[in-house]
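**Student:** Those protein sequence lines, which keep their order, are chains A and B. Take any residue in the first sequence, note its place counting from 1, add 28, and you have its number in this note's numbering. Take any residue in the second sequence, note its place counting from 1, add 12, and you have its number in this note's numbering.
Take the hints with a grain of salt, since some may be wrong.
To be verified - Covered stretches of chain A, as calculated for chain B (at least 3 residues, CB under 8 angstroms):
1. 204-218
2. 273-287
3. 303-312
Keep in mind the hints are simulated off the structure, nothing from the lab. By construction, the Cβ of each residue, glycine as well, lies at the ideal position given by its N, Cα and C atoms.
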Amino acid sequence: MRWLDSADQARLRALSLSPRRPAAAPGAPGRHRSLARGYSRDFAQHRPYASGDEARAIDWKAYARLDRFYVREYRAEDRFPLAVLVDTTASMAFSGEGRGAKFDLARRLAAALSWVALEQGDEAGLFPAGPGAALPPRAGSARLPEIDAALTALAPSREPDLAAALESAAAALPPRAVAVLISDLMGDTARILKALRRLSAGRRELLVLRVLDPEERDFPYEGSLRVRGLEGGEILIDAAEAARPYREAFRRQDDAYRASLRRSGVPYAVASTDAPWHAPLARLLE
Amino acid sequence: MSFAFPAALWALPAAGLPVLVHLLSRRAARARTFSDLTLLAAVEARSRPRSRLREALLLAARCLLLAALVLAAAGPTARGSSAAAAGEGLDLVLLLDASYSMRALDAGAARFERARAAGLSILKRLSAGDRVAAGVFDESLRDPLAWTDAEGAGRALARATAGLRGTDAAAALAAARGLLERSARGRRRAVVVLGDGAAHMLPAPAPAPAEGTAVLGLRFPPLANAWLMEVRPASGSSAREPRLEVRACAAGPAAAAALDLWVGERRAASTTLAVPAGGEARAVLALPPSADPRRPAWAGRVCTRADALPDDDQVFYAVRHRAAPRVLVLRCDASFERAGRSGWFLRGLFGGAERSLAGRDADFLEASRWSEADLVRYGTILLPDAERLPPGLARALEGFAARGGGVWVVPGPRATPEDLAELSAWLPARFGVLEESASPRGLKILRSGPETSGWDEFELSRVAFARRFRLEPAPGAAAWLADSGGAAMLVAGSVGRGRAAVWAAPLGVDGGNLGLKPLFVPWAKACLSLTLPPDESEASSRSARVGASLVRTWRADEPAPDRVSVRGPDGRRTSLPVRGRRAQLPSADRPGLYEFEEPGGQRSVFAVNLDSSRGESDLAAAPAPPWISVEPDALEEAFFVAAYGRDRRGLFLGLAALALALEMLLSLPRARSSASVLVLLLSIHMVIPGRALAQQGDRFVWTQLELGRTWDPYPDAPEQAAARLAEVTSARVAPGRRVLTLDDQALFASPFLYLAGREEPPELTDAELRRLRQFFSGGGLLWVEDSTGGPPGSFDRWVRRTLPRILPETELRPLPSDHVLYRAFFLLRGPAGRVRVHAAVEGVAWGGRAAVLYTRDDALGAWAKDALGRSLKACVPGGEPQREQAKRLTLNLLMYSMTGSYKADAVHQSAILDKLRNGP
């Protein structure tokens, strides 16, 4: 496993991934609650007996106490597909001074999420936001090496437009999936938010994990700079002068994401290349 | 503007260096890769105009800084146009005005002293290579100008005293110019006129200063001054009625001059004279009668109140009149003085011991004793009853008249033409035939003159003559009066150098009625004046101006002594020889009275006065003097500016400092440069409380009090709780938390305040207690939590000690189980926490609500998580359900802080009960 070693797997054992909204209709049987009543060990409720109910469903102990027939109902259990969306736009290739690239962090997070889902018996798939081959969600222990290989094959493209990439990725996602977007969310804030809403549309459930390099947050440069963007463009700027307003603008952008996603009930966490990625992942999955 | 080191100006192009550096640094901008430029581009676009302006200003400031430094290094000097030469050494001519106007008192000191001090102040600062020529001048230079050093010039100035003469600065300036023209080329030249700058300094136009010479002069504020111009005998003054005329002048405002007339050491008269502004006034003062009527002379002074210039406020005079010549009456008849006879009338006329009606005094003598009289002493000899004369008298009278005396002949009552033939030979009229009672009455004026003016008032026609001679006027003689028939009655004419008058009729009552008429006195005066030599009564004044020589001469007919002694105004006596009837005092060097005393006791006095004609007393400043006028105190500074120019290095260094300050301000990070604005905003913020509230909007902020060391047992728990609050309730929650102390103004922007602790925080001060109470009275809720989760410790004791100090009127009590806290959001059965040790929420009821809630079961501990999101601490003894209960209690607490007893309202009861019944 290139992107997830055994030590990481051991740490991830405490985490679990479950959809917030129970699935309305049962899919493949799995460990997640479904709104449909079905057969499992989870007691849901007592219901007065109605003709047609199976006799074995009658709770005889209740009948003994109450002298009425009550039927025991159990929650059906469900398996869900996890779609890991990895941002492959050009800005993901950025790496700060002495640190790994954001894209490597994104690949680790994608592998970890896939492991968590596969470990609890759910399906996992990989969808690049941007150019790259997609892996549809499948269950089974064989899926993880496939995902690992696909992640290795994935590379940041020259694609500059994250919003457009998200839009096209949304079209490719299965309709009833838990989608985790791993992206730096760098670009036009309004358009990206619009694309995120599209991603979480319908019965899909979205989680957003932002990966950042601390340099993108702090802009710790000095002096006169000729800044070239990975997604194109070039700006001549006095770093000392621009740093403060940049940090301000960055903070505002992050606040906008945080607030907007919270309003629409989308969990959001930020992983940084200079810190362990386990904590943000745990926050995201909480 | 010129430069001491012009070579330094070659460095001026270096001022453009910042522009070059800027251009190079633009090119040398470091390249850097960045992930996405969207935010950066927006930031750059927003700050571009301002940063461009700042950049331009910064460049300008730097260029200015360099340029100013280069210019300052070049030694900039601004100089007056008159001092163009810039060579080695200085040639300075100091001209000190020692005229008497410099004695004027200006602000307590004489102008002379101030001018001299100003000159000495310049000398002190001269350097070794400089030459100075110091000259003292009044009407001319006292000594010729010669070069010396500063020390010698200083001694010359120190020796000088202000004199009593006038001023002529033009002459001194011409001398200075002549000296400077001979000085070496390339030296700096300057002339300083240490005068008072008054208009009288230049009676003639000053010569133009030589090329490249700085000419400076002093200027004093104009002073008002009044002075006495002159004292002289008034017109009409006579020995009997001596009068003086005084002229007083004023420069400046009108003045009232109080005049005192002193004769010798005695004040004889006082008067007040109104002198118009800038004009003059005259007064006539009467002198007392002379002590010696034979030699009527007066000497003394007229003075007025001393003002700015005291020397011109007194004028000395020495006036004498020639004594009115006496009349010698030579009577022929022994019964001359009997009533009705001519002597009787004449005694009445000349007054005897009393005042003479004729204006002259007379001595009476018998004609036969004429040789006993000293005829020279008399002006006129009157024969009132001429008959046969004693031998020799007629000849003596002729000689007397020929030498300038006057002879007046009236025939006696018994005289015949033959008796008078001896006189008729030389008198202007011959006594012709004697006529008795034949002539008609009346008198006629043949010639009008001063002698007969005003005679119209008299009844001339009533004058009658009983006996008269027919007069035959000699050629050249004039008939003044005639009888109504036209025959001459009074004839006058000259005899040699003298004059004689002849009357035709005897004076006694048997000769006519003239003696009884009022006409008698004017007639007698007219006859006397016709016999008096001309100019006999005029006054003369002996006066001279200061510095002139005094000369006393003796006439040929006067006896001249060998020596005279002169007593000056200071009392000193000088003995002078008399040569050729002439004694001369070479120079009267101070004003006053100079008395020439002859060995015989005869005195003659000269008055010596200042020369007021030079206008020295007018202290008004000259309108356009040919020099740079400066005040004495500013002379030193102005002189060195004029001679060497003004050093402008300070100006450029100041400019450089300004540019440097601007540069530093501009190159500070923007946060610093706007620090002052921030301070201003902060101070406004202090004045307007509630600003934080506005910023916060209607969102809930977890506000935590930083008090003591253990104020923050679970740093991440508040965020969890707030996020949960936002999730499960409709409350709007601000992200993050606010940590503050009791001094913080933001305390009043949050209704919820959380205080946790494990150990005792410091005691609160009175101010902090007061603020907390203010917080409560503003509706705030304080949640205090003892985070130990064990038995009561120091924190618990602190809480129980401190709360009564804040809210003394109430106390901490356990909340009843039906308190609205347990229904504020979740419906709870009772208190909960991470532990279950005390199982109670205590509260301070204040103002109808619980202002303070106190929990000791570590409710917030239930929220704490580790880095992987697992709960930090286990809940005992209830496990996870207890954790959920603790969290719910926390949320209820938060909601209670926002809603208060809202849920206790009966309106909601049915809904609540319904929910309790049908709950999940």
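**Student:** Against chain B, does the stretch 273-287 of chain A show at least 3 residues with beta-carbon separation below 8 angstroms?
**Tutor:** holds (count 8)
**Student:** Count the residues of the stretch 204-218 of chain A with a beta-carbon closer than 8 angstroms to any beta-carbon of chain B: does the count reach three?
**Tutor:** holds (count 4)
**Student:** Are there at least three residues in the stretch 303-312 of chain A whose beta carbon sits under 8 angstroms from a beta carbon of chain B?
**Tutor:** As far as the stretch 303-312 of chain A goes, the hint holds, because 5 residues have Cβ atoms under 8 angstroms from chain B.
Checked against the numbered hints given earlier, the structure satisfies every one of them.
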